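A.B. asks: Both chains are sitting in their own frames, so use the hints and assemble them into the complex.
Each chain, written out:
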Amino acid sequence: MYPPKFGYVIPENLNEALEFLEEHEDAKPLAGGHSLIPMLKLRILRPSYLVEIRGLPLSYVKKEDNMYKVGALTTHYSITKSQIPLLSDTANNIGDPQVRNMGTIGGSISHLDPSADYPAALIAMDAKVKVTSRKNERLVDFASYDKDMFTPDINPGELVTEIQVPTFENYKFSYQKLERRAGDFAIVGVAVLLKLSGDVVDDIRIGLTAVNNVAVRAKGAEEELLGKKINDEIIEKASNRAMESANPTSDLRGSAEYKKKMVKVLTKKAILNALKR
Amino acid sequence: MKVVQPDEKVKITLKINGEKYETEVEPRRLLVHVLRELGFTGVHIGCDTSNCGACTVIMNGKSVKSCTVLAVEANNAEILTVEGLAKDGKLHPIQEAFWEHHGLQCGYCTPGMIMESYWLLKEKPNPTEEEIREGISGNLCRCTGYQNIVKAIKSAAEKLSQTQYPHPQ
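So the protein sequences, as listed, match chains W and G. For the first sequence, the positions run 254 to 530 when our numbering is used. For the second sequence, the positions run 402 to 570 when our numbering is used.
Calculated directly from the structure, the hints in this document are not laboratory data. Please read these numbers as outputs of a predicted model, since none were measured by experiment.
For each label pair, taking beta carbons as the anchor points, the in silico distance ranges come out as:
| # | chain 1 | residue 1 | chain 2 | residue 2 | range |
| --- | --- | --- | --- | --- | --- |
| 1 | W | Leu392 | G | Trp500 | 54 to 60 Å |
| 2 | W | Glu489 | G | Glu438 | 58 to 64 Å |
| 3 | W | Arg530 | G | Pro526 | 22 to 28 Å |
| 4 | W | Arg296 | G | Lys421 | 32 to 38 Å |
The C-beta atom is built at its ideal place from N, Cα and C for all residues, glycine as well.
With the rest of the complex left out, here is chain G (with noise of 0.2 Å):
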C-alpha cells in the first residue's frame, strides 16, 4: 500500500500526446493544472466545476474532464490534448472541419469541443444529428455557436470515413 501524506509530493508519469514525462505533485492538484504547466495550454481551464467541459481531454481512449480529475489518479495514464492531433503540420481531420465550418467563434470552449468530438467519433463514426447534440451535451459554447460546430462534426465524420485517418494513440 502506497501512502502519500498531506504535506508530500508524489512522483507520477503522464505519457501526453505520446510523449513521457514525469512530475511531482501534491495529491490535490488537478490534472488540469498540471498539463497546463507542462505546456499543454490548449487544456482550457473553464468553469471548474465540470459543466463546461473546456477542458476535456483523452485519457487513456476515453473523454474525461480534467478539472475533476486528480493528477495523482491519472498517474501512468496516456493522455491526448488538442495539441497532439495535427501530425507534420497538418491539422487533423476535425480541425480542419471545424476550421472550414466556422466551427468557433471566440475559440475558448474549441480544444474541448475537438477532443470530445474526437470521442464521439470514436464511438460513433457515423453520427445523427441527435447523437452529435447528445454528444456535446457536456460542453458549453456561450457564443452559442453551436449550429457550425455540429456542421462541422458532421463534416468531419465524412472526411475521416473517407480517409481512414489514423487516429492518433
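So here's chain W without its partners, still in its complex pose (with noise of 0.2 Å):
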C-alpha cells in the first residue's frame, strides 16, 4: 500500500517548520509516523506536505524545577529508560519494541486517540503540555488540552513542544492495561499513583483512558481512598467507584458492559500493583 502523493519539507529549524505549517494549513508535521503513515495507506488524510520535524532537537528528558521535561520528540522507548514514575512505565506499555523505537510522545498525543496509553498517565499526573507557534508559545493543562477524541487543542501554526510532569517523589505507582492482543490499543487503561504516610493514604490519582472520548480521573475511587487506612476491604470499594467515572462504548473491543467491569479489574490491579512497590 503506498500513501497518495504529497510534498515533503526538511526544515531546518523549529522556526521554519512552524513558518511552513502555518501558511499551509493542509500540511502535516511528520514525527514517528506510526499513527500518520498508516492514515495516509488508508487514505483516511491527504496533506498538501509533510514535515518532516524528526531532525529537530525535541528529543531530551530534563529534571528542572521538580518537574520532568519531555522533548515532544522523544521515543516512547527513550521514556521507557527514563525512570519517570508511571509514565516510563506506560510508555513501556504502548504497541511493541519496533513501534516504541520510532514512536513519539508529542506524535502520540497530537494524534491523540482515545484508547491510546499515555493520556491515562497525564491526567492523573497533572501534565502541562507546551504548544508552539511561530509568535506564541502556551502551556496548557492535560485535561483541556485533551478537548475530544483525535482533537486536542492545537491550532493550525502551532506544534506540541513539551510535556512537564511533576516529579512525584516517594509514591507508589503503576499501569495497568487490557489488551485485545499482544501490542494493541488498550480496552481499558488505569494508571494509579499512590502516597502514603504509614498506611494512611496521602495523595491518589487514578486516571483512565480508552473509557470515555477522553481520559479521565476517577474522583470517586480517589475520594474513596484519601485520608483513609489503605486495606483490602477500602480497595474493593474504591475499584467499585471506579466504574462511575467509565462511559465506555461497545465496539470490536469489547462491550460497554464488560468494558466497565474491566475497569473494576483493572483499578484493583493496578492500587495492588502499586502497593508492591
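C.D. replies: Rendered as C-alpha cells:
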C-alpha cells in the first residue's frame, strides 16, 4: 500500500517548520509516523506536504524545578529508559518494541487516540503540554488540552513541543492495561499514583483511558481512598467506584458492559501493583 | 529548508549492510519497497500496516518496521537487513540458532523475527523467556511456531555470550 502523493519538507529549525505549517494549513508534521503513515495508506488523510520534524532538537528528558520536561520528539523507547514515575511504565506498554523505537510522545498526544496509553498517566499526573507557534508559546493543562477524541487543543500553525510532569518522588505507581492481543490499543487502561504516610493514603490519583472520549480521573475512587487507611476492603470499594467514571462504548474491543467491569478489575490490579513497589 | 514538490523525486543515500547506495524516490515511497528494489528481498512485506513485523530491519541501531518508515526519512541512515548478518559464508549465531532449533516453518516471518531478535539481544543479552516473548510481540508467525522461535532466541543468547561475536555495524 502506497500513501497518496504529497510534497516533503525538511526544515532546518523549529521556526521554519512552524512557518511552513502556518502557511500551509493542509500540511502535516511527521514525527515517528506510526499513526500518520497508516492513516495516509488508508487515505484517511491527504495532506499537501509532510513536514519532517524528526531532526529538530526536541528529543530530551530533563529534570528541572521538580519537573520532568520531556521533548515532544522523545520516543516511547527513550521514555521507558528515563525512569520517570508512571510515565516510563506507561510508555513501555505502548504497541510493540519496533513501534516504541519510532513513535514519539508528542506525536501520540497530537494524534490523541482515545484508547492510547499516555493520556491515563498524563491526566493522573496533572501534566502540562507546551504548544508553540511562530509568535506564541502556551502551556496547557493536559485536562483541557484533551478536548475530545482525536481533538487536541492545537491550532493550525502550532506544534506540541514539550510535555511537563511533576517528579512525584516517593509515590508508588502502576499502569495496567487490558488488551485484546499483544501490542494493541487498550480496551481499558488504568494509571495509579499513590502516596502513603504510614498506611494512610496521603494522595491518590487514578487516570482512566479508553473508556470515555477523553482520559478522566476516577474521582469517586480517589475520594474513597484519600485520607483512609489502606486495606483490602477500601481498595475493593474504590475499585467499584472507579466504574462511575467510565462511560465506554461497545466496539470490536468489547461491549460497554464488559469494559465497565474491567475498569473495576484493572483499578484494583493497579492499586495492588502500585502497593508492591 | 528543503522542499520537495508532490511530483518531484528526491535523491537519498542509504548505507545498507555497510555499503552505500544512492537512489531517487518519490516522498511517498516506503523504506521496505526501496530496500526490496535494491535487491534486499529478505525484507518481507507482510501485513503492510505495521502489525506483523515481517519487514523489520535495523535502522541506525534500532529495530523498525520498514513498511511504516518513508524512504526519504531514512536518508543517510545505516540499515542492517538479514542479508547483512552472515559473514564470509558463515551464518550469524542467531541464524544458526534458528536453524538448529527449527525456529521457522514456512519462513515468511523469519527475517523479521531474526532482525528483532538481533535488537532484543543487543538490548538484553540474557533475556528471560518472558522478555523474549515480549521482545517479539511485534512479530507474528502465522504458522504459530513460537515455541521453537523462543528456544532459538534463548540458544542464540547463549551462543552470543560464549563467542563474543562481533555484531555487524
